[in-house]
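Visitor: For reference, the chains in residue letters:
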Amino acid sequence: MARIMLENVTRRFGLVIAVDNVSLPIIDGEFFALLGPSGCGKTTTLRLIAGLEVPTAGRVHIGDRDVTGLPPRERDVAMVFQDYALYPHMTILDNVGYPLKVRGVGRREIRERVGEVAGFLQIAELLERRPAQLSGGQQQRAAVARAVVHKPQVFLFDEPLSNLDAKLRLEARGFLKHLQHELGITTVYVTHDQAEALALADRIAIMNQGRIIQVGTPLEVYRRPQTTFVAGFIGNPPMNLVPCRLEVGVEAAHLVGTTFRLDLTSLRDRLALTLRDDEEVILGIRPEHLTFCGQGDPFAIPAETYAIQPLGAECVVILLVDSTTLSVRLFTGEPPQQTGRVWVGVNPERILVYRKSGELVLG
Amino acid sequence: MRLVRLVLTRVAFYLFVTLVAAFFALPMLWLVLTPFNPRGTLAVEIPSPATMANFRLVFANAFAMRALLNSAILGIGGMLITTLVATLAAYALSRTDVPGRDFLIYALILFSSVVTGTAAMVPIFLLIFYLGLIDTLLGVILVFTGGLLPTAIFIMRDFVEGIPRSYEESALVSGATPRQMFQDVVAPLVQPGMMVVAIWAFVHVWGAFLIPFILLRSPTSMPASVAIYSFYTEAGTPIITLTSSYALLFALPVLVLYLLVNWRYGFRFFGGIKR
Amino acid sequence: MTGGAPILSRRTGFFFLLPSLGFVSLFILFPFVWVFYLSFTNQTLTGVTAIQSRLVGLANYQRLLDFETWMTSGQFGNALRISAQFVVGSALIGQALLGLAIAWAFYRWRGAFREIVYTLVILAWIIPDVVVAFTWMAFLDRDRGTLNAILQLLRLAPVDWLIQQPVLSIIIFNTWRGTAFSMLLFSSALATIPPSYLESAEVAGASGWQKFRDIILPLIRSHILTDIILITLWTFNTFTPFLITGGGPAFKSELVSIYTFRIAFQFFEFGRGGAIAVAMMLINLVLALTYLTILRRQGVRT
Ligand SMILES: Nc1ncnc2c1ncn2[C@@H]1O[C@H](COP(=O)(O)OP(=O)(O)OP(=O)(O)O)[C@@H](O)[C@H]1O
Ligand SMILES: [Mg+2]
Numbered sequence: 001m002a003r004i005m006l007e008n009v010t011r012r013f014g015l016v017i018a019v020d021n022v023s024l025p026i027i028d029g030e031f032f033a034l035l036g037p038s039g040c041g042k043t044t045t046l047r048l049i050a051g052l053e054v055p056t057a058g059r060v061h062i063g064d065r066d067v068t069g070l071p072p073r074e075r076d077v078a079m080v081f082q083d084y085a086l087y088p089h090m091t092i093l094d095n096v097g098y099p100l101k102v103r104g105v106g107r108r109e110i111r112e113r114v115g116e117v118a119g120f121l122q123i124a125e126l127l128e129r130r131p132a133q134l135s136g137g138q139q140q141r142a143a144v145a146r147a148v149v150h151k152p153q154v155f156l157f158d159e160p161l162s163n164l165d166a167k168l169r170l171e172a173r174g175f176l177k178h179l180q181h182e183l184g185i186t187t188v189y190v191t192h193d194q195a196e197a198l199a200l201a202d203r204i205a206i207m208n209q210g211r212i213i214q215v216g217t218p219l220e221v222y223r224r225p226q227t228t229f230v231a232g233f234i235g236n237p238p239m240n241l242v243p244c245r246l247e248v249g250v251e252a253a254h255l256v257g258t259t260f261r262l263d264l265t266s267l268r269d270r271l272a273l274t275l276r277d278d279e280e281v282i283l284g285i286r287p288e289h290l291t292f293c294g295q296g297d298p299f300a301i302p303a304e305t306y307a308i309q310p311l312g313a314e315c316v317v318i319l320l321v322d323s324t325t326l327s328v329r330l331f332t333g334e335p336p337q338q339t340g341r342v343w344v345g346v347n348p349e350r351i352l353v354y355r356k357s358g359e360l361v362l363g
Numbered sequence: 001m002r003l004v005r006l007v008l009t010r011v012a013f014y015l016f017v018t019l020v021a022a023f024f025a026l027p028m029l030w031l032v033l034t035p036f037n038p039r040g041t042l043a044v045e046i047p048s049p050a051t052m053a054n055f056r057l058v059f060a061n062a063f064a065m066r067a068l069l070n071s072a073i074l075g076i077g078g079m080l081i082t083t084l085v086a087t088l089a090a091y092a093l094s095r096t097d098v099p100g101r102d103f104l105i106y107a108l109i110l111f112s113s114v115v116t117g118t119a120a121m122v123p124i125f126l127l128i129f130y131l132g133l134i135d136t137l138l139g140v141i142l143v144f145t146g147g148l149l150p151t152a153i154f155i156m157r158d159f160v161e162g163i164p165r166s167y168e169e170s171a172l173v174s175g176a177t178p179r180q181m182f183q184d185v186v187a188p189l190v191q192p193g194m195m196v197v198a199i200w201a202f203v204h205v206w207g208a209f210l211i212p213f214i215l216l217r218s219p220t221s222m223p224a225s226v227a228i229y230s231f232y233t234e235a236g237t238p239i240i241t242l243t244s245s246y247a248l249l250f251a252l253p254v255l256v257l258y259l260l261v262n263w264r265y266g267f268r269f270f271g272g273i274k275r
Numbered sequence: 001m002t003g004g005a006p007i008l009s010r011r012t013g014f015f016f017l018l019p020s021l022g023f024v025s026l027f028i029l030f031p032f033v034w035v036f037y038l039s040f041t042n043q044t045l046t047g048v049t050a051i052q053s054r055l056v057g058l059a060n061y062q063r064l065l066d067f068e069t070w071m072t073s074g075q076f077g078n079a080l081r082i083s084a085q086f087v088v089g090s091a092l093i094g095q096a097l098l099g100l101a102i103a104w105a106f107y108r109w110r111g112a113f114r115e116i117v118y119t120l121v122i123l124a125w126i127i128p129d130v131v132v133a134f135t136w137m138a139f140l141d142r143d144r145g146t147l148n149a150i151l152q153l154l155r156l157a158p159v160d161w162l163i164q165q166p167v168l169s170i171i172i173f174n175t176w177r178g179t180a181f182s183m184l185l186f187s188s189a190l191a192t193i194p195p196s197y198l199e200s201a202e203v204a205g206a207s208g209w210q211k212f213r214d215i216i217l218p219l220i221r222s223h224i225l226t227d228i229i230l231i232t233l234w235t236f237n238t239f240t241p242f243l244i245t246g247g248g249p250a251f252k253s254e255l256v257s258i259y260t261f262r263i264a265f266q267f268f269e270f271g272r273g274g275a276i277a278v279a280m281m282l283i284n285l286v287l288a289l290t291y292l293t294i295l296r297r298q299g300v301r302t
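Protein chains in written order, with this note's numbering: chain A, 1 to 363; chain B, 1 to 275; chain C, 1 to 302.
Only chain A is shown next, with the shape it has when bound in the complex (with noise of 0.2 angstroms):
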């Protein structure tokens, strides 16, 4: 069990920076995840801990020691990768057993220990088969295995669920969660799927263009994101993002739109804190607190409807609101009675509005 600490990396190739001046703490025993679009610098972040890349400048640290300069074999870490690279010429006891092989372990001493691991991972009649004859889940358990057999300090997985079939895909996410809560061992998860860092982490770390945006439990990024590009990176429809102006008086404050005014004169004295009158912001509020309303509310907003989403549980409408588009997420499953031109009411409570460039400033 270790903590891990990234101080300042970088990881540069040619003129692509892949890890811009990272700095994390991840906290023993934790389950951490990565997340972020494709050639974020996830992979990079996790094999500059593997110690399969060396930063450019920066320090890596695991448990007390710094190990920035140290060969992976010397980091006891184990790692998951996204095509599991099981060796296809050796059987899956060979497979699971290898890092043990490599530290020396008798073969006898080996079966025994393979067989505990296959036993908690429910591989144990596939020890004798080759990879080759194994399911994709089936191969993904063998790749947890191989990685768990020596009790690294340091468990590492590259997007491990990327190649399972969606269905396959939420078995595994319980299993790993389940997992990693029973050993207890450090974990970092790079994922680019955002509903699975939320299902799995303690806390997540998400990326962008090599630096790191946010670091927050589940909840925290969720709730508030810190960015329009963590807000519209989160959650599943994203949060609506629709650019409006701010007007501030010295009593009343509006969110003015092309063909909405939003009264949020309540919050007037937080607005002016930070904001000129006639500001350009974009108002941000995740469909669920959307609701639909009647023309007189103040907080309501013409639009027209779109598309409808029934989706069992919850029903997502797609609205129009001038150019832009909203999701609305409505928890009946019933779809709404009224179609073609509609109000939608916005809580003003759960706003969340952001400067032009992107930074929260309020909510």
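Because the hints were derived from the structure by calculation, they are not lab data.
The reader is advised that the hints may include incorrect statements.
As the list claims (entries may be wrong) - What the simulated footprint calls covered on chain B by chain C, stretch by stretch (three residues with Cβ under 8 angstroms from a Cβ of chain C suffice, anywhere in the stretch; the number is not a length):
hint, stretch
1, 42 to 54
2, 145 to 152
3, 248 to 255
Virtual Cβ for every residue (Gly too), placed ideally from N, Cα, C.
Given the structure of chain A, go ahead and fit chains B and C with the ligands onto it with the hints provided.
Guide: Coordinates of chains B and C with the ligands only, in the frame set by chain A:
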């Protein structure tokens, strides 16, 4: 109308295919039949009676057998060295960040297609001459290794590039030393590629004529491809019984390898490979 | 993607490359450079000039390119002309066309027929040189050869192929010998074309020829280019026809490769042989550079 056209196309297709098959099969008939014919001629005749007498003649001929052995030494020697050296290079070119490695490959291929055995026979002869390797099998093996290497490296690198790096990386993260990684993971994974290169190199060296012809002259070092021109009568015409059966024997390993390869990989094998 | 230094350090990588570099330098680069030097000397195998060769300037090249005599029988120009005929006839027309035709005929056709034809074509390609040379000498023999036997069956006059038509003979031989490469290249190129492309053309009412011209040809254009350059290079450098005609009769089938051999290893004039080698390598260089340029451009596109 449509039907007529369809029938005509079909007929044209079969006609074409039959002609092609005949064109490629007919010249080979002689090779298949004559070795079993006790009266060897240049004509294609069904041997009656078919005998193995010609082969017995060959097996009894110490010089002929020695030449086959020499061919085997050349083929196997060239194959082993080429495959080994090419694999090392291809692996390095695929897995390190040696600067300009793509350029290196291109330059290699370029030079090997420019400096062919035919174009470079003069300097190659002189080089081997000055190295004191004239009339030695080693000289021929070295020359072939040099000539085959660029293509072998190219084929092999393609193969290695197809192996995900995550295999090696996962071995390293699992705690393997570089040495263990090579033994346990890399070696088994590159083996199929090495087989392909080995077969290709063997067939190439085994059948070659020109280079052994100019570099090897004494009867004890001649390979079969050169020795076959020794089975002439005093009048200067080939002794066909001997020549034809020897030719078939000489072609046999290649035919066997062909069957093996075709059974294992299908025609795909030849796709990635140039002559 | 570069990187991944931990798998193999630069140092180890360099050691892995070392043997290859040694072989290539000694047996490819060095001969390439040396032959230029040789071509300016009067080096021979025997006699005084074997030990004490000296620089003779452009003399070898002047003899090679003496435009009064160079097209006469047994001279360089003549060999160049025959090589050109040989390349155009056997590589471009013979191998490329026939290979394409076979590959196209068997496109979407599996089964025994295809196996048989492919096997025959490939066998013709991989059997050792001397073996096919003997079978072809038998095949083309005037009195007892199979080809003349067939002609007689068709009530045609027999031809003394190797004497009367030596160039045509080696062209046909080399077409037979090397079609496999083009056939395999084209059939793997065709295999990458999704059947839906052709099916949609069929739905639109295209005939077989139209489908080939409008869909297949544009899609495999780069393969055709690759094929043509490679087989041109190889055909230009092949020595096998020597085993059938010996370059004769009276130099009528003397290719550049055979000419080099005659000058260097029958007359043992290495200086002059070197000059021919230089000419050959320059031609090879042009072809290879063209090929690499195409390869590069393809690499960029994919
Ligand atoms: N070995 C390398 N050589 C050069 N550039 C690289 C290398 N590895 C990564 N990069 C670049 O660094 C950036 C970050 O890559 P990285 O693989 O870390 O992204 P990622 O967040 O894991 O993306 P994905 O979700 O697609 O896996 C990318 O622009 C990538 O092209
Ligand atoms: Mg990645």
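Visitor: Which of the numbered hints above does this structure break?
Guide: No hint contradicted; all consistent.
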